[in-house]
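Modelling step: build the complete structure from the supplied sequences, incorporating the hints.
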Amino acid sequence: MSDALADAEATELGLREQLSDLVHARARADAESARLADRATLAGAHAEIAEIAGRYERQSQTLAAEIETLRSSLRAAEAELERLRAPGD
Amino acid sequence: MDAFLILLFIALIVGAGFVYLRGRKQAGAGPPAPAGLPTGPAPEPIGGADVRALKLGDVVNYESRDWIVEGTLRFNQGGFRWDEHRLVDGADSLWLSVEDDEGLEIVVWERLRGAALEPGPGSLEHVGVTYELDERGNANFTSEGVTGAPGGGKAEFADYARDDKRLSFERYGDDGGWEISSGNVISEHVLDIYPSRGAGG
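Heads up: the protein sequence lines correspond to chains A and B, in order.
If you count the first sequence from 1, position 77 lands on 77 in the working numbering, and the numbers rise without skipping.
If you count the second sequence from 1, position 11 lands on 1011 in the working numbering, and the numbers rise without skipping.
Treat the hints loosely; a few may be bogus.
Unchecked claim - EDC-like cross-link-like pairs, simulated, lysine to aspartate or glutamate; straight-line CA separation at most 16 angstroms:
#1 B:Lys1165 x B:Asp1134
#2 B:Lys1055 x B:Asp1083
#3 B:Lys1154 x B:Asp1175
#4 B:Lys1055 x A:Glu17
#5 B:Lys1055 x A:Asp21
#6 B:Lys1055 x B:Glu1099
Just so you know, the hints here were simulated from the structure itself, not pulled from any lab data.
As structure tokens, then:
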């Protein structure tokens, strides 16, 4: 295997692992946002709870945007990898 | 006359050596590849990761949604193995089975709640589709993560099929009720896997 191909494979795997991390982080943010939003509806709930729920929701949106950016990078890395794997003319 | 015999002897030795060397070269080359079949290495999996190596914590992008593997059931029926993964995205979940027997078969399943179905007959009708019994038997299983099944033991199953549609019954333990699922066979290439950094990926 050429160095270029090995580098491209490592890049692609790294991007996939980063995507996995971000998806997990977004799921946690979504779960916290939903949990705190529910708590905020309870009688006597502190007003700050709703505000923190909103922070988690904004964090989830930020992560969602990062995921899409990373997915685009992954597509580019995948194309480069396939180019290197393809037989020469 | 002597000179002729000497020349004949040398010619025989040279000829035998040529035949011997030619035979060795052909043996080293191996049998010729059948016409029309590729001779190069098998192609790398598209999608970066092998669905057969799916594990807890991996993410599966399917139909534009990111599903996290939160549970896995691993079955073993006399050495024949297959896996069923519980995928979760928020409040939604589905199951993905991966079976590599005479070719890879991947099925996306949805649990049927309250379906009035029982395995047994050779054919079953569900939502206008008539399924034929494909296989019925028992298997050992182990459970990882959140699956709703006990940690391990024996499972009984009955699988029905109609084209790319599947209907499955599974029962864990002696007193468990049937878990009924309907599924569709999909191509592995519609899945994009983002492996977690944990060991085994």
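Exercise for the section: Below or equal to 16 angstroms on CA atoms is what counts here, so check Lys1055 of chain B against Asp21 of chain A. Expected result: Within the cut-off at roughly 15 angstroms; holds.
Has the given pair, Lys1055 of chain B with Glu1099 of chain B, been kept, meaning a C-alpha gap of at most 16 angstroms? 14 angstroms, holds
Pair hint Lys1165 of chain B and Asp1134 of chain B, alpha-carbon separation not exceeding 16 angstroms: Since the Cα atoms of Lys1165 of chain B and Asp1134 of chain B sit roughly 12 angstroms apart, the hinted pair holds (cutoff 16 angstroms).
What's the verdict on Lys1154 of chain B and Asp1175 of chain B, does the C-alpha distance respect the 16 angstroms limit or exceed it?
11 angstroms, holds
| said: Lys1055 of chain B and Asp1083 of chain B were given as a pair; does the straight-line alpha-carbon distance stay at or below 16 angstroms? | reply: 10 angstroms, holds
**OP:** Quickly compare the C-alpha distance for Lys1055 of chain B and Glu17 of chain A to 16 angstroms and report which way the hint goes.
**Re:** Measuring from Cα to Cα gives roughly 13 angstroms; hence the hint holds.
Going through the hint list in order, the structure satisfies each hint without exception.
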